[in-house]
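Visitor: Below are the chains, spelled out letter by letter.
2 protein chains.
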Amino acid sequence: MNNLMNVLGKQSKEAARQLSQLETAQKNECLLQMAADLENNTQSILTANQQDLKQARKNGVTDPLIDRLRLTDIRIQEMADGIRQVAALPDPIGVVEKMWRTEDQLMIGQQRVPLGVVGIIFESRPNVTTDAASLCFKSGNAVILRGGKEAFYSNQMLVELMQQTLRNNQLNTAMIQFVNDTSRDTANEMMRLNDYLDVLIPRGGAGLIQQVKMNATVPVIETGTGNNHVYVDQAAQLDMANDIVINAKAQRPSVCNAIETLLVHEDIAPEFLPLLEESLASYPVALRADSKALTYLKKAGLAVEEDWKTEFLDYILAIKVVASLDEAIEHINHYSSKHSESIVTDSYQNGQRFLKEVDAAAVYINASTRFTDGVKFGFGAEIGISTQKLHARGPMGLEHLTSSKYIIYGDGQIRE
Amino acid sequence: MNNLMNVLGKQSKEAARQLSQLETAQKNECLLQMAADLENNTQSILTANQQDLKQARKNGVTDPLIDRLRLTDIRIQEMADGIRQVAALPDPIGVVEKMWRTEDQLMIGQQRVPLGVVGIIFESRPNVTTDAASLCFKSGNAVILRGGKEAFYSNQMLVELMQQTLRNNQLNTAMIQFVNDTSRDTANEMMRLNDYLDVLIPRGGAGLIQQVKMNATVPVIETGTGNNHVYVDQAAQLDMANDIVINAKAQRPSVCNAIETLLVHEDIAPEFLPLLEESLASYPVALRADSKALTYLKKAGLAVEEDWKTEFLDYILAIKVVASLDEAIEHINHYSSKHSESIVTDSYQNGQRFLKEVDAAAVYINASTRFTDGVKFGFGAEIGISTQKLHARGPMGLEHLTSSKYIIYGDGQIRE
Numbered sequence: 000m001n002n003l004m005n006v007l008g009k010q011s012k013e014a015a016r017q018l019s020q021l022e023t024a025q026k027n028e029c030l031l032q033m034a035a036d037l038e039n040n041t042q043s044i045l046t047a048n049q050q051d052l053k054q055a056r057k058n059g060v061t062d063p064l065i066d067r068l069r070l071t072d073i074r075i076q077e078m079a080d081g082i083r084q085v086a087a088l089p090d091p092i093g094v095v096e097k098m099w100r101t102e103d104q105l106m107i108g109q110q111r112v113p114l115g116v117v118g119i120i121f122e123s124r125p126n127v128t129t130d131a132a133s134l135c136f137k138s139g140n141a142v143i144l145r146g147g148k149e150a151f152y153s154n155q156m157l158v159e160l161m162q163q164t165l166r167n168n169q170l171n172t173a174m175i176q177f178v179n180d181t182s183r184d185t186a187n188e189m190m191r192l193n194d195y196l197d198v199l200i201p202r203g204g205a206g207l208i209q210q211v212k213m214n215a216t217v218p219v220i221e222t223g224t225g226n227n228h229v230y231v232d233q234a235a236q237l238d239m240a241n242d243i244v245i246n247a248k249a250q251r252p253s254v255c256n257a258i259e260t261l262l263v264h265e266d267i268a269p270e271f272l273p274l275l276e277e278s279l280a281s282y283p284v285a286l287r288a289d290s291k292a293l294t295y296l297k298k299a300g301l302a303v304e305e306d307w308k309t310e311f312l313d314y315i316l317a318i319k320v321v322a323s324l325d326e327a328i329e330h331i332n333h334y335s336s337k338h339s340e341s342i343v344t345d346s347y348q349n350g351q352r353f354l355k356e357v358d359a360a361a362v363y364i365n366a367s368t369r370f371t372d373g374v375k376f377g378f379g380a381e382i383g384i385s386t387q388k389l390h391a392r393g394p395m396g397l398e399h400l401t402s403s404k405y406i407i408y409g410d411g412q413i414r415e
Numbered sequence: 000m001n002n003l004m005n006v007l008g009k010q011s012k013e014a015a016r017q018l019s020q021l022e023t024a025q026k027n028e029c030l031l032q033m034a035a036d037l038e039n040n041t042q043s044i045l046t047a048n049q050q051d052l053k054q055a056r057k058n059g060v061t062d063p064l065i066d067r068l069r070l071t072d073i074r075i076q077e078m079a080d081g082i083r084q085v086a087a088l089p090d091p092i093g094v095v096e097k098m099w100r101t102e103d104q105l106m107i108g109q110q111r112v113p114l115g116v117v118g119i120i121f122e123s124r125p126n127v128t129t130d131a132a133s134l135c136f137k138s139g140n141a142v143i144l145r146g147g148k149e150a151f152y153s154n155q156m157l158v159e160l161m162q163q164t165l166r167n168n169q170l171n172t173a174m175i176q177f178v179n180d181t182s183r184d185t186a187n188e189m190m191r192l193n194d195y196l197d198v199l200i201p202r203g204g205a206g207l208i209q210q211v212k213m214n215a216t217v218p219v220i221e222t223g224t225g226n227n228h229v230y231v232d233q234a235a236q237l238d239m240a241n242d243i244v245i246n247a248k249a250q251r252p253s254v255c256n257a258i259e260t261l262l263v264h265e266d267i268a269p270e271f272l273p274l275l276e277e278s279l280a281s282y283p284v285a286l287r288a289d290s291k292a293l294t295y296l297k298k299a300g301l302a303v304e305e306d307w308k309t310e311f312l313d314y315i316l317a318i319k320v321v322a323s324l325d326e327a328i329e330h331i332n333h334y335s336s337k338h339s340e341s342i343v344t345d346s347y348q349n350g351q352r353f354l355k356e357v358d359a360a361a362v363y364i365n366a367s368t369r370f371t372d373g374v375k376f377g378f379g380a381e382i383g384i385s386t387q388k389l390h391a392r393g394p395m396g397l398e399h400l401t402s403s404k405y406i407i408y409g410d411g412q413i414r415e
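Keeping their order, the protein sequence lines are chains C and W.
When we follow numbering that gives the first Met the number 0, the leftmost residue of the first sequence carries the number 0, and every step to the right adds one.
When we follow numbering that gives the first Met the number 0, the leftmost residue of the second sequence carries the number 0, and every step to the right adds one.
Treat the hints with care, since some could be wrong.
It does not matter which identical chain is used: a pair holds within one copy or between any two.
Unchecked claim - Derived EDC-like pairs (lysine to aspartate or glutamate); straight-line CA-CA distance at most 20 Å:
#1 Lys97 <-> Glu398
#2 Lys97 <-> Glu381
#3 Lys57 <-> Glu277
#4 Lys53 <-> Asp72
Just so you know, the hints here were simulated from the structure itself, not pulled from any lab data.
It should be emphasised that the depicted structure is a prediction, and the values quoted were computed from it without experimental measurement.
Starting from the given sequences, assemble the full structure and let the hints guide the process.
Guide: This is how it looks when you write it as structure tokens:
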């Protein structure tokens, strides 16, 4: 195994032990200084970012990707404000969630503790560096950040500045570490760094997530893919359904909580689909409809099997007419990636059945799927959206970066 | 990939969907019938078990292992009673643990749902079959059981009987499935059955757990190893410390919540160690002491570095004298497997520091580590003891076999 990852892992583990014992006030003070130090070094960050942008242009990177890479005064300000928001959140560590007395008269409490060392493998956007580092720090976890090569210089500078703040606070700089080697080797080694990593969180496209899932021996929290649906029930208010579908599809189609497929009850399809097509005219959304839906639409193509399975992340909407709520639920449970699903209905019974029978991280009645988000859920921040069932499911905030330990008060009990 | 595991996986996934929708009363009724059906078929179970025992003797299996394999009328009765206890536990599924209103006026509730399909790879003891199957069933999960070859016929018969009960209740028999091929291939395929398994829980020795950890691409809950300590502080009551050490070491040394190393403060060692050695005389416990401890003991050997790292699971106790609470905590955090750790002390401050600074699933003041157990913790039953930090840490009961989903009530909200 590469020496670099082992060295980083060992340092992080020691740093995690120290970080787990910090008081909330110390952590918050340090976060506020990190935010100020970022702002005060805006010029250094922009200079490092220029190096990344220059390299990206040389490599013929596309404009949207260049835009995601680019830092500006305002974006750096937003990153600093993001850190301040994390400082303002309640500290999850030390909270005893429940405590009870057992038959043996032991008092047992379940207390929140840090996970330990969190690894994050992420792609282009540099703001993930400060978001993830501040969330891990506040939740008492050491973090090892392994970003993509596109944002290498920006990420490196951001971590150096945060480490400088740690140093100024007499704290171990290994509390926030950066992998300064973006070769595939370091990613692969992180996936098998069982002696040092307590969890690995991949943040990026489906390819990265699949690669981590299939190669990691350390515990992983899978994030990301959303093949989501809105089902417009026969008892829906058409205007509400129209607004929700447009919002869920067209407000920001590149994100994981946008929808890919619309299901419409056959009784309402003749009225609803023409209305929707008219409203969608001002957005560049291409429609791919099944044969029934096609009869109510002017400018739609015919959907094929592959469309029901695809997370387009684009201005494309697949549309299917269903004969019943059962058919809608069956379609969703078969094709969805179990991220976010919504029904639009005024029927009490149909709404309750949808909530009970649809298997997904977030199931909605009468709202856009775009709300599946740590900040919108009220968690204050988000480290990602889990699409697995273990540990955390759905948007993950500070609390989901913790584990627990049982603290047990006895007075001499032994087991019979 | 082997056709068998894919077929089982697919069937289990479909069965899991049905099982997730069963009402509590249906599940309990079915569990009570399973218990009765086991008792009513005691003779068939004993006959199958005889086949395993005969094979084991032929293969020269050791007496303790034969004893773990052997079923009797009483053991079958205990298995049936275990199922009845699971039926009597509250159903975790459907519980909404918290619900809140967001800034956007969405009502969001976090509701307990089954994990889906649980895989269990386990070794010799046939009672794991009925324990695991009943816990998974009650928590709404389909289960795929892959036992060891030693208990093949017993396990197969137990699953057949439980499936017969499912059939009598017009339920899908794939809710409880048995892998009737104990080759290494089926275990390896289960570890990579990502399309169908939501979690894999290995139950057995360190070798099995390591193998699963290093090869699985499905999410795993690691169970098991306990390299545990009792630290006797200078402010300990000697009688209490003596009772706790003897209980934690000698009551049942083969289990994961027994201790392997005793740490004693140097101020109290001259008085405590001779007392302990005398009390231990009636147990066949071999002592391996560091050089300081050795001076207070008559019949101890010298401990070597390897002893601090070893989970003996036997009548062996390593003993080390420490100069301070700090040294004790440092030793524990360095060598322990983070399972169960206990301090014996009358000092308020030392007890609190131990609870805060020792990193383990269960940390005790003034009690034996032997209480780390789902039943003793009040969970009513136990599927295993997790030694990882993700998802569940410490004893796992019904609740730890669940995931959650967010159910969200809106009235037309779209995201700005």
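Visitor: It remains to establish, for every hint, whether it holds in the given structure.
Guide: Against the structure, the hints:
1. Lys97 <-> Glu398: both (15 Å within a copy, 14 Å between copies)
2. Lys97 <-> Glu381: between (25 Å within a copy, 19 Å between copies)
3. Lys57 <-> Glu277: Cα proximity of Lys57 and Glu277: none, with 43 Å in one copy and 78 Å across.
4. Lys53 <-> Asp72: within (18 Å within a copy, 78 Å between copies)
Hint 3 from the list above is the single one not met by this structure.
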